[in-house]
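Colleague: Listed here are the chains, written in short residue letters.
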Amino acid sequence: MSALAIVTGAAGGLGRQIAARLGEAGHQLLLVDLDPRVAETARELESTGVSAGAVVADLTRDEGAAEVAAAVRDRGGSIAVLVNNAGITRDARVKNMEDADFAAVIAVNLVAAIRLTLELEPLFADGSAVVNMSSRASLGNFGQANYVTSKSGLVGFTRALALNWAPRVRVNAVAPSLVDTPMTQAMPPEVLEKLVSRIPAGRIGSPEDVAELVAFLASAEAGYITGQVVLACGGRSLAA
Amino acid sequence: MAAPLIVEQPAAELDTVTEVLTAVFAEVKAAVLAERPVVVLVEDGDLLGQGDVVDASVAAGLLGLVRAFALEGAKPGWRVNAVSHRGEDDAAASRDAAEWLAGSDLSGQLIRVGTAHLGKVWP
Numbered sequence: 001m002s003a004l005a006i007v008t009g010a011a012g013g014l015g016r017q018i019a020a021r022l023g024e025a026g027h028q029l030l031l032v033d034l035d036p037r038v039a040e041t042a043r044e045l046e047s048t049g050v051s052a053g054a055v056v057a058d059l060t061r062d063e064g065a066a067e068v069a070a071a072v073r074d075r076g077g078s079i080a081v082l083v084n085n086a087g088i089t090r091d092a093r094v095k096n097m098e099d100a101d102f103a104a105v106i107a108v109n110l111v112a113a114i115r116l117t118l119e120l121e122p123l124f125a126d127g128s129a130v131v132n133m134s135s136r137a138s139l140g141n142f143g144q145a146n147y148v149t150s151k152s153g154l155v156g157f158t159r160a161l162a163l164n165w166a167p168r169v170r171v172n173a174v175a176p177s178l179v180d181t182p183m184t185q186a187m188p189p190e191v192l193e194k195l196v197s198r199i200p201a202g203r204i205g206s207p208e209d210v211a212e213l214v215a216f217l218a219s220a221e222a223g224y225i226t227g228q229v230v231l232a233c234g235g236r237s238l239a240a
Numbered sequence: 241m242a243a244p245l246i247v248e249q250p251a252a253e254l255d256t257v258t259e260v261l262t263a264v265f266a267e268v269k270a271a272v273l274a275e276r277p278v279v280v281l282v283e284d285g286d287l288l289g290q291g292d293v294v295d296a297s298v299a300a301g302l303l304g305l306v307r308a309f310a311l312e313g314a315k316p317g318w319r320v321n322a323v324s325h326r327g328e329d330d331a332a333a334s335r336d337a338a339e340w341l342a343g344s345d346l347s348g349q350l351i352r353v354g355t356a357h358l359g360k361v362w363p
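Protein chains in written order, with my numbering: chain S, 1 to 240; chain U, 241 to 363.
Simulated from the structure, these hints should not be mistaken for lab results.
Since the structure is predicted, the reported quantities are computational estimates derived from the model, not experimental observations.
Backbone N, C-alpha and C fix where the C-beta goes; we use that ideal spot for every residue, glycine too.
Don't take each hint at face value.
What the hints assert, rightly or not - Computed far set for chain U versus chain S, every beta-carbon distance over 12 Å: (1) Met241; (2) Ala242; (3) Ala243; (4) Leu245; (5) Ile246; (6) Ala333; (7) Asp336; (8) Trp340; (9) Ser344; (10) Leu346; (11) Ile351; (12) Thr355; (13) Gly359.
As the list claims (entries may be wrong) - Simulated pairs of lysine-lysine, DSSO-like, Cα-Cα distance not exceeding 30 Å: (14) U/Lys360 to S/Lys95; (15) U/Lys315 to U/Lys269; (16) U/Lys269 to S/Lys194; (17) U/Lys315 to S/Lys194.
Generate coordinates for the entire structure from the input sequences, incorporating the hints supplied.
Modeller: Shown next as structure tokens:
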């Protein structure tokens, strides 16, 4: 049986692309999402010859993490890769941001990722890898105090987990900037154009750009890399 | 000058991280809207991930919070900064640094007290 890769937030967008890329790398996939359409995504990936299952789970609850662990045990109980990708946004300027919107983003983007990872701890194989999806915004972003806090928190989690679980499991984070997903496609064109103009690479990132990096960090080729945050931002984190 | 708000990194368990970070958000928001300078104190070891995963997540999250407020507050002139230190060994120096930052016009800065961070990653 091929090694199991779990991707959260995998019903669509970036998570789907990451899952597809890990499938190409030969992993058996377990897709996790609150959105029931994750089952359809798994079926689509299976039609390409990849072994893929799906779990619909609310990872903000202990029961959700336990459901994922149970699904892993059903598939042999040995995790090769976990990608903590599930996330939400509730953007607002600070003065208009409600506590509930701040809390919701922390609960999903940060706490749920920690909860799931710790729940799965006994199921990781030696030499396995965790990849946490942080963001370039972890360095600061306008109108996203909640998102910035959550993604920066994931950086701290990545470092601590890397040290705590070494040498058995490697833990890294990917920090993308603007990526071409349904969320960015919904932006007003003039706003998107302005944001893209600030990216030295001259274009928006593609889901494939990010998925390729995740697949690398999850692979044996990255075997000496742990506790790191890799910015996939086309140089945006450097530009004025 | 309005009295500064000095926030110390709160203790947290996994089940209280959301509540703890949200409480800090609310406190800092209220302070900046009242034009008070803010300094957040965090454990440097936690910023580097040299301890518990929850503490590290909270410390790094707070640093992100500081940066988000500072960036958004550039125009209205909010002053939100951070000081990291190593427990009681650096307590006096970290208090001095916090007081100095609170009285300055700087924002979005991180002062790392002590030398244990040298040779390590910049958070």
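Colleague: All hints are to be evaluated individually against the structure, with a verdict given for each.
Modeller: Cross-check of the supplied hints:
1. With a least beta-carbon separation of about 21 Å from chain S, methionine 241 of chain U lies farther than 12 Å from that chain, consistent with its non-interface assignment.
2. Every CB of chain S is more than 12 Å from the CB of alanine 242 of chain U (nearest about 17 Å), matching its label as outside the interface.
3. Remark: the non-interface label on alanine 243 of chain U is consistent with the geometry, its nearest Cβ contact in chain S lying 20 Å away (cut-off 12 Å).
4. The beta carbon of leucine 245 of chain U sits about 15 Å from the closest Cβ of chain S, which is more than 12 Å, so the claim that it is off the interface holds.
5. No Cβ of chain S approaches the Cβ of isoleucine 246 of chain U within 12 Å, the least distance being about 19 Å, so the stated non-interface status holds.
6. The Cβ of alanine 333 of chain U lies farther than 12 Å from every Cβ of chain S, with a closest approach of about 23 Å, so its non-interface assignment holds.
7. Its beta-carbon lying about 25 Å from the closest one in chain S, aspartate 336 of chain U satisfies the requirement of being farther than 12 Å from that chain.
8. In this structure tryptophan 340 of chain U is separated from chain S by more than 12 Å, as the shortest Cβ-Cβ distance comes to about 22 Å.
9. Against the 12 Å criterion, serine 344 of chain U stays outside the reach of chain S, whose nearest CB is about 19 Å from its own CB.
10. A cut-off of 12 Å between C-beta atoms confirms that leucine 346 of chain U is not in contact with chain S; the least separation is 15 Å.
11. For isoleucine 351 of chain U, the requirement that its beta carbon stay farther than 12 Å from each beta carbon of chain S is met, with the minimum near 17 Å.
12. No Cβ of chain S approaches the Cβ of threonine 355 of chain U within 12 Å, the least distance being about 19 Å, so the stated non-interface status holds.
13. With 12 Å as the threshold on Cβ separation, the claim that glycine 359 of chain U sits away from chain S holds: the shortest Cβ distance comes to roughly 14 Å.
14. Restraint check: the Cα-Cα separation between lysine 360 of chain U and lysine 95 of chain S comes to about 35 Å, which exceeds 30 Å; the hinted pair is violated.
15. Taking the CA atoms of lysine 315 of chain U and lysine 269 of chain U, the gap is about 15 Å. The hint holds against a cut of 30 Å.
16. A distance of roughly 28 Å separates the Cα atoms of lysine 269 of chain U and lysine 194 of chain S; the hinted pair therefore holds under the 30 Å criterion.
17. Between lysine 315 of chain U and lysine 194 of chain S, the direct Cα distance comes to roughly 20 Å. Compliance with the 30 Å bound is thereby established for this hinted pair.
Of the numbered hints stated above, the single one contradicted by the structure is hint 14.
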